[in-house]
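Novice: Chain B: place on chain A using the hints.
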Amino acid sequence: MKKIFSLQHVFLLLGALILMFILAPMLGMILKTSPASLFETARETEVRDSIWLTIWTSMTGTLIFAVAAIPLSYLLVRKKFPLKKLVTGIIDLPVVIPHSAAGIAILGFVSRVSVMGKIGSAIGLNFVGNPAGITIAMAFVSLPYLINAARDGFAGVPERTEKAALTLGATPVRVFFTISLPLAWRNIVSGLILMFARGMSEFGAVIMVAYHPMITPVLIFERFGSFGLKYARPVSVLFILISLSVFVLLRSLAKDKEDE
Amino acid sequence: MLTVENISKKFSGFCLEKVSFKVEKGDYFILLGESGAGKSMLLEIIAGLVYPESGSIFLEGKDITRERIQERKIGLVFQDYAIFPHLSVRENIAYSLHGTKLTHHEKKEKVQSTAEQLGIADLLDRKPSTLSGGELQRVALARTMIQVPELLLLDEPLASLDTMIKADLRSILRKIHRQGQTILHVTHDYEEAISLGTKIAVIDKGKIIQQGTPEEVFRFPKSEFVAHFVGVKNFFKGKLIRENNSTYALIDDRIRIRVETDEDAGEGYLAIRSEDIFLSAEVMQSSALNNFKGKIVELIPASTGIEVILDLGLRMHSLVSRESINTLGIMEGSDVWIHFKATAVRLIKA
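Taken in sequence, the protein lines are chains A and B. In terms of the numbering used here, the first sequence is residues 1264 to 1523. In terms of the numbering used here, the second sequence is residues 84 to 433.
Among these hints, one or two may not hold up.
To be verified - The calculated lysine-lysine pairs, modelled on BS3-like cross-linking and capped at a C-alpha distance of 25 Å, are:
| id | chain 1 | residue 1 | chain 2 | residue 2 |
| --- | --- | --- | --- | --- |
| 1 | A | 1426 | B | 376 |
| 2 | B | 320 | A | 1342 |
| 3 | B | 320 | A | 1426 |
| 4 | B | 210 | A | 1518 |
| 5 | B | 145 | B | 156 |
| 6 | B | 432 | A | 1426 |
| 7 | B | 305 | A | 1426 |
| 8 | A | 1426 | B | 322 |
| 9 | B | 93 | A | 1347 |
| 10 | B | 190 | A | 1426 |
| 11 | A | 1343 | B | 93 |
| 12 | A | 1426 | B | 424 |
Stated by the list, open to error - Computed spacing ranges between beta-carbons, pair by pair:
| id | chain 1 | residue 1 | chain 2 | residue 2 | range |
| --- | --- | --- | --- | --- | --- |
| 13 | A | 1419 | B | 404 | 22 to 28 Å |
| 14 | A | 1342 | B | 258 | 48 to 54 Å |
| 15 | B | 168 | A | 1276 | 50 to 56 Å |
| 16 | B | 153 | A | 1315 | 44 to 50 Å |
| 17 | A | 1344 | B | 153 | 34 to 40 Å |
| 18 | A | 1342 | B | 261 | 41 to 47 Å |
To be verified - Part of the chain B face toward chain A, derived, beta carbon under 10 Å:
| id | residue |
| --- | --- |
| 19 | 157 |
| 20 | 179 |
| 21 | 223 |
| 22 | 244 |
Derived by calculation from the structure, the hints in this document are not laboratory data. Since we're looking at a predicted model, the values are computed, not measured. Heads up, the beta-carbon is just placed ideally off N, CA and C, and yes, glycines get one too.
Pulled out of the complex, with its shape left as it was, chain A reads as follows (with noise of 0.2 Å):
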């Protein structure tokens, strides 16, 4: 008896220790950073446009690629083919490759004189300092969370409960948007909020392809290396303050529709 009690203890111990490692960071900053700083920081016009321009990119390179990557999930799940564990490997890249050489390799994919830069030219398009690199940047370092989730979101949903569907007379395309998507559902929307937030704190990846327009990352970086800790400071905890309000708001969105 007395050695689970003291193991316990022991768990404990280390577990406050992680909780300490995580929160004492954040706190330190928080607590160091007084009001009056951060409501100055926040009127200023170029933190408020990059934030925006953070929170603006990411979403729309979730939702805009979602498009590709949710039915890619289905067909992973759904159909067996050849080389499956290698495509599953591949999808699952990003997170392993450094950042910035991942920036490097998607500059050379859309700089100008690329194939994909030159498509881009011709309709005004240029995604090197551009938003849209940006946001292709962080698409691609975020998309194996969304794949990942929704992969598990219809691996849940019962082959035979889409085959019943399908002797009821549904087409392939009605099943899916009425049976599989729906049951997978909620894995598809963690998957969405994670792809998000992982977007949103890229930064090795988006400063090979956009250093300008800064967002966020890249701009508390420039200010530390410009004018150090304390001037970064109140742009870090307000980024970390408004970054943590989308994700609880989407989050419990997200819940809300779940217990309807």
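Specialist: Chain B in isolation, oriented as in the chain A frame:
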């Protein structure tokens, strides 16, 4: 109306080999076999969810082997019902009405009447997660029947239900059948097969070994497998009659067998295990209510004794020990007295 011709398919662990049978309009056709004999796969092939490797399927004369699921006028109720959990009962039942030319009002009426037919009208606005197994089964039936399919396929519909609910569902299935629905029902339960089916086909290891009416199949089994499936060699069709204090079954309008049962009077089948029939060389007073005089037709050595084939106006099988045969001094052609208890008779209502 349905002709299955030489359907073959190999799939992980099982295979179907040249399966052929015919279901006539109005039949209640039972496909009887052990779990995993490929019966569910066969239903999926008939419904069009899976394509066979070889063979054909004809519905009302038309070759539907490669036809799309949505074109076939066949309904399929799965073993675990596969109700859509995110839709209400009403929406589940109405699912197949999408895209039909009915008005919203007509659809509502149809859903209502189908639900009433299956006794679930009061559940229409409920969510599936709040329903019991029996209720879910009825929803699955309603959902499929609303399309008025030419052929209704049932995959082990009573499998996961408890006894009382099974009886309810059985009477619903009988009702549906009486109203004219042709049914192909797959099961491993021989009592279910006998109580519901008008025709039975026994399938073992992916092959059909015997088909016919329940009596043909069980009374004259063509193979060890079929005989042992039921485990009885004494199988008769009879009429259950209740008279004053006694209940008996009348076989061939002349042989009366006393039975113990709560069932109502009517048609049914009787099954008596060979081990439950015992013999005596002379008239004997016994506590058994069934006592007959008969003749020994044949003695056949069996693994657990001697199988005695008797004729008492009805052909019966008894299983006794070798020692008993010697002690009684009986042989082929001998007169013998046959006894078995009323409680040893298994009655299955049709």
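Novice: For every hint, state whether the structure bears it out.
Specialist: Here's how the hints hold up against the structure:
1. For a cut-off of 25 Å, the pair hint linking residue 1426/A to residue 376/B is broken: about 59 Å separates their Cα positions.
2. Pair hint residue 320/B plus residue 1342/A does not hold up; C-alpha atoms about 51 Å apart against a cutoff of 25 Å.
3. Taken as a hint, the residue 320/B and residue 1426/A pair is broken in the structure, with Cα atoms around 40 Å apart against an allowance of 25 Å.
4. Straight-line distance between C-alpha atoms of residue 210/B and residue 1518/A comes to about 19 Å, which keeps the hinted pair within the 25 Å bound.
5. With a CA separation close to 12 Å, the supplied pair residue 145/B and residue 156/B stays within the 25 Å bound.
6. For the hint pairing residue 432/B with residue 1426/A, the CA-to-CA distance comes to about 35 Å; that exceeds 25 Å, so the pair is violated.
7. Proposed proximity of residue 305/B and residue 1426/A is contradicted: the alpha carbons are some 37 Å apart, above 25 Å.
8. For a cut-off of 25 Å, the pair hint linking residue 1426/A to residue 322/B is broken: about 43 Å separates their Cα positions.
9. Using a Cα cut-off of 25 Å, the hinted pair residue 93/B and residue 1347/A holds, with the two alpha carbons roughly 24 Å apart.
10. At most 25 Å may separate the alpha-carbon atoms for a hinted pair to count; residue 190/B and residue 1426/A meet this at roughly 23 Å.
11. A distance of roughly 17 Å separates the Cα atoms of residue 1343/A and residue 93/B; the hinted pair therefore holds under the 25 Å criterion.
12. Straight-line distance between C-alpha atoms of residue 1426/A and residue 424/B comes to about 50 Å, which puts the hinted pair past the 25 Å bound.
13. Checked against the hint of 22 to 28 Å, the C-beta distance between residue 1419/A and residue 404/B comes to roughly 59 Å, which is inconsistent with it.
14. For the hinted restraint 48 to 54 Å between residue 1342/A and residue 258/B, the CB-CB distance of approximately 42 Å leaves it violated.
15. The hinted range of 50 to 56 Å is not satisfied by residue 168/B and residue 1276/A, whose Cβ atoms lie roughly 43 Å apart.
16. The beta-carbon spacing between residue 153/B and residue 1315/A, approximately 48 Å, falls within the hinted interval of 44 to 50 Å.
17. At about 25 Å, the beta-carbon gap between residue 1344/A and residue 153/B misses the expected band of 34 to 40 Å.
18. Between residue 1342/A and residue 261/B the beta carbons are some 44 Å apart, a value that agrees with the proposed interval 41 to 47 Å.
19. With a least beta-carbon distance of about 7 Å to chain A, the hint placing residue 157/B at the interface is held under the 10 Å criterion.
20. Annotation: residue 179/B was flagged as interfacial toward chain A, and the flag holds, the nearest CB pair being 4 Å apart, inside 10 Å.
21. Interface restraint check: residue 223/B against chain A, minimum CB-CB distance 8 Å, threshold 10 Å, status holds.
22. For residue 244/B, the suggested interface contact is broken, since its CB lies about 18 Å from the closest CB of chain A, more than 10 Å.
In the structure shown, a violation is registered for the earlier hints numbered 1, 2, 3, 6, 7, 8, 12, 13, 14, 15, 17, 22, in ascending order.
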